[in-house]
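Undergrad: These are the residues of each chain, in order.
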Amino acid sequence: MRTRLPQGESELHFLDRLARSTNRRAFLQWSGMAIGVVALGCSDDHNGPGNGDGEVNLGTGDTGVLNYAYALEQLEAAFYTQVVASFYAGASVDEQSILTDIRDHEVIHRDFFRTALGSAAIADLTVDFTTINFADRASVLGAAKTFEDLGVSAYNGAGQLLTDAANLLVAGKIVSVEARHAAAIRDLLVPRSSAAGSFAGDDTVDPTTGLEIPERAPPAVLTAADTYVVTTINSSGLPTS
Amino acid sequence: MRDTIFGSLDPELMNRVESRRGAVSRTGKMAGALALASMPVAFGLMAKKAFAQGGLPQGIIDVLNFALTLEELENEFYVTGLASGGLIPGADQPIFQQIRKHETAHVALLRSVLGASAVDKPTFDFTAGGTLDPFNDYPTFQLLSQAFEDTGVRAYKGQAAALMADNTILTTALRIHSVEARHASEVRRLRGQKGWITGNMTDNAAIAAVYAGEEATNGLPTSNAVTEAFDEPLTKDQVLAIASPFIVV
Numbered sequence: 094m095r096t097r098l099p100q101g102e103s104e105l106h107f108l109d110r111l112a113r114s115t116n117r118r119a120f121l122q123w124s125g126m127a128i129g130v131v132a133l134g135c136s137d138d139h140n141g142p143g144n145g146d147g148e149v150n151l152g153t154g155d156t157g158v159l160n161y162a163y164a165l166e167q168l169e170a171a172f173y174t175q176v177v178a179s180f181y182a183g184a185s186v187d188e189q190s191i192l193t194d195i196r197d198h199e200v201i202h203r204d205f206f207r208t209a210l211g212s213a214a215i216a217d218l219t220v221d222f223t224t225i226n227f228a229d230r231a232s233v234l235g236a237a238k239t240f241e242d243l244g245v246s247a248y249n250g251a252g253q254l255l256t257d258a259a260n261l262l263v264a265g266k267i268v269s270v271e272a273r274h275a276a277a278i279r280d281l282l283v284p285r286s287s288a289a290g291s292f293a294g295d296d297t298v299d300p301t302t303g304l305e306i307p308e309r310a311p312p313a314v315l316t317a318a319d320t321y322v323v324t325t326i327n328s329s330g331l332p333t334s
Numbered sequence: 076m077r078d079t080i081f082g083s084l085d086p087e088l089m090n091r092v093e094s095r096r097g098a099v100s101r102t103g104k105m106a107g108a109l110a111l112a113s114m115p116v117a118f119g120l121m122a123k124k125a126f127a128q129g130g131l132p133q134g135i136i137d138v139l140n141f142a143l144t145l146e147e148l149e150n151e152f153y154v155t156g157l158a159s160g161g162l163i164p165g166a167d168q169p170i171f172q173q174i175r176k177h178e179t180a181h182v183a184l185l186r187s188v189l190g191a192s193a194v195d196k197p198t199f200d201f202t203a204g205g206t207l208d209p210f211n212d213y214p215t216f217q218l219l220s221q222a223f224e225d226t227g228v229r230a231y232k233g234q235a236a237a238l239m240a241d242n243t244i245l246t247t248a249l250r251i252h253s254v255e256a257r258h259a260s261e262v263r264r265l266r267g268q269k270g271w272i273t274g275n276m277t278d279n280a281a282i283a284a285v286y287a288g289e290e291a292t293n294g295l296p297t298s299n300a301v302t303e304a305f306d307e308p309l310t311k312d313q314v315l316a317i318a319s320p321f322i323v324v
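Going line by line, the protein sequences match chains W and X. One point on numbering: in my numbering, the residue at position 82 of the first sequence is 175, and numbering is uninterrupted. One point on numbering: in my numbering, the residue at position 229 of the second sequence is 304, and numbering is uninterrupted.
Isolated chain W (complex conformation) (with noise of 0.2 angstroms):
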């Protein structure tokens, strides 16, 4: 098996992680995760840490669904913990508050996905969030609005896509909580008093229906967040059903 450094990981980093990965098995024990063993490839290029060649190959099966997860979770973290590190101009401090617990989690479900991928986690992503302005409360909450809603889709549409109910239920978990960071963070852009009940609003639930808008599939969901992603992320090995 040959060890490389992911790409943008520090190497105490790295050591770091592989010292948790020998904990992982009880790890998995612990959180129901089930991931099959098989996917700890020890040959293949394509899975295990990253190939440094700034393109990340998601995998196959439950493992590659997993770390389509984990992706997401990355960019949401390295969101949030840009946001938090420097607030932009008036931030109340109930948006400071909601913003910083939101980073919490985010950094928690990254972590929780990389923890329990192991060896057959993709590597960090290189993010750019360039098109977007920290220091100004409409462009950064304007974006966790896509993030977090988008999130939500994804997780409705990688839930067909995993085959142990055990790795559904921790998507399961996951998606309730990126719903209430979505509610929360529309709560802040609309006033909850106007007409549109903006935190469930009609374009994001049918309101036909009451159906959160339309499950996204990996490829629409990773097509959606390119725009902040320099890694390439192939997902090509995905299951589609």
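Worth flagging that the hints you see were computed from the coordinates, not collected in a lab. Just so you know, not all the hints are guaranteed correct.
[Said to hold, decoys possible] FRET-style restraints, in silico, Cβ to Cβ:
id : chain 1 : residue 1 : chain 2 : residue 2 : range
1  : W       : 332       : X       : 312       : 31 to 41 angstroms
2  : W       : 229       : X       : 324       : 49 to 59 angstroms
3  : W       : 226       : X       : 290       : 32 to 42 angstroms
4  : X       : 191       : W       : 190       : 41 to 51 angstroms
5  : X       : 212       : W       : 316       : 25 to 35 angstroms
6  : W       : 182       : X       : 299       : 24 to 34 angstroms
7  : X       : 298       : W       : 182       : 23 to 33 angstroms
8  : W       : 329       : X       : 198       : 48 to 58 angstroms
9  : W       : 193       : X       : 278       : 14 to 24 angstroms
In this text, a Cβ means the ideal position worked out from N, Cα and C, and glycines have one as well.
For this one, chain W is given, so just place chain X on it according to the hints.
TA: Same frame as chain W, now just chain X:
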């Protein structure tokens, strides 16, 4: 008394709810037929397209009827609340109108899928035997709303695995699940709570049963944020125990 409302187990009532399925053959078919007949044409076509398969497996029917019972409870709760003059302040009306709209749609959607297999709407008593006054007391109305929404999120989550055999139904259930979570976040924040659930904590002991098990850390080091980052499932029995004080028959 109040702090036992939600925690009280009523096995007899739960059995009655469970056995409602047995009554379907007598009365459900007629109700289902009426529900289908009264559905707007466009919506009926949509539902038909989404659920084109023939007879559903009993396991899936059971889950959907369980969901239908919860949606009926939520729907009647909001319909009654919105019709109670002076209960909901004008500024908050749009919030509950939006939620009511979704719950009404969920009921219609589930009935359209279940057709003749749908259970009847139960008779509800939101005073829980005269101990609560949600339609005259706004804080109680808000408290029950939060309890029902957070319970709904956990209930759908707990049943997802049972729907894996049918991708369309699983995905539809997930698309309801996230809407319930949006509602829960909003109502919690309206009450001055965080939109997410910290540990198994609640500001009112009366709804403690709704949060049992939410303190799970999923293998991660314990912290408030870790418990907030994951919503935990409830079993069908746990959900029925929470709902039973409000179901007369």
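Undergrad: Do the beta carbons of residue 226(W) and residue 290(X) sit within 32 to 42 angstroms of each other?
TA: Holds, since residue 226(W) and residue 290(X) (Cβ atoms, about 39 angstroms apart) stay within the stated range.
Undergrad: Are residue 191(X) and residue 190(W) spaced within 41 to 51 angstroms by their CB atoms?
TA: holds (50 angstroms)
Undergrad: Honestly, do residue 329(W) and residue 198(X) meet the 48 to 58 angstroms range at C-beta?
TA: Check passed, 54 angstroms falls within 48 to 58 angstroms.
Undergrad: How does the Cβ-Cβ distance of residue 332(W) and residue 312(X) compare with 31 to 41 angstroms: does it lie in that range?
TA: With a Cβ separation near 33 angstroms, residue 332(W) and residue 312(X) satisfy 31 to 41 angstroms, so the hint holds.
Undergrad: For the pair residue 182(W) and residue 299(X), does the Cβ-Cβ distance stay inside 24 to 34 angstroms?
TA: Holds - the Cβ-Cβ distance for residue 182(W) and residue 299(X), about 28 angstroms, lies within 24 to 34 angstroms.
Undergrad: For residue 229(W) and residue 324(X), compare the CB-CB distance with the range 49 to 59 angstroms and indicate the outcome.
TA: holds (56 angstroms)
Undergrad: Quick check: does the Cβ-Cβ distance between residue 193(W) and residue 278(X) fall within 14 to 24 angstroms?
TA: holds (21 angstroms)
Undergrad: Could you say whether the range 25 to 35 angstroms given as a hint is met by the Cβ separation of residue 212(X) and residue 316(W)?
TA: Between residue 212(X) and residue 316(W), where Cβ atoms are some 50 angstroms apart, the hint is violated.
Undergrad: Given a hinted range of 23 to 33 angstroms, is it respected by the beta-carbon distance of residue 298(X) and residue 182(W)?
TA: holds (30 angstroms)
The structure fails to meet hint 5 from the earlier list, while all remaining hints are met.
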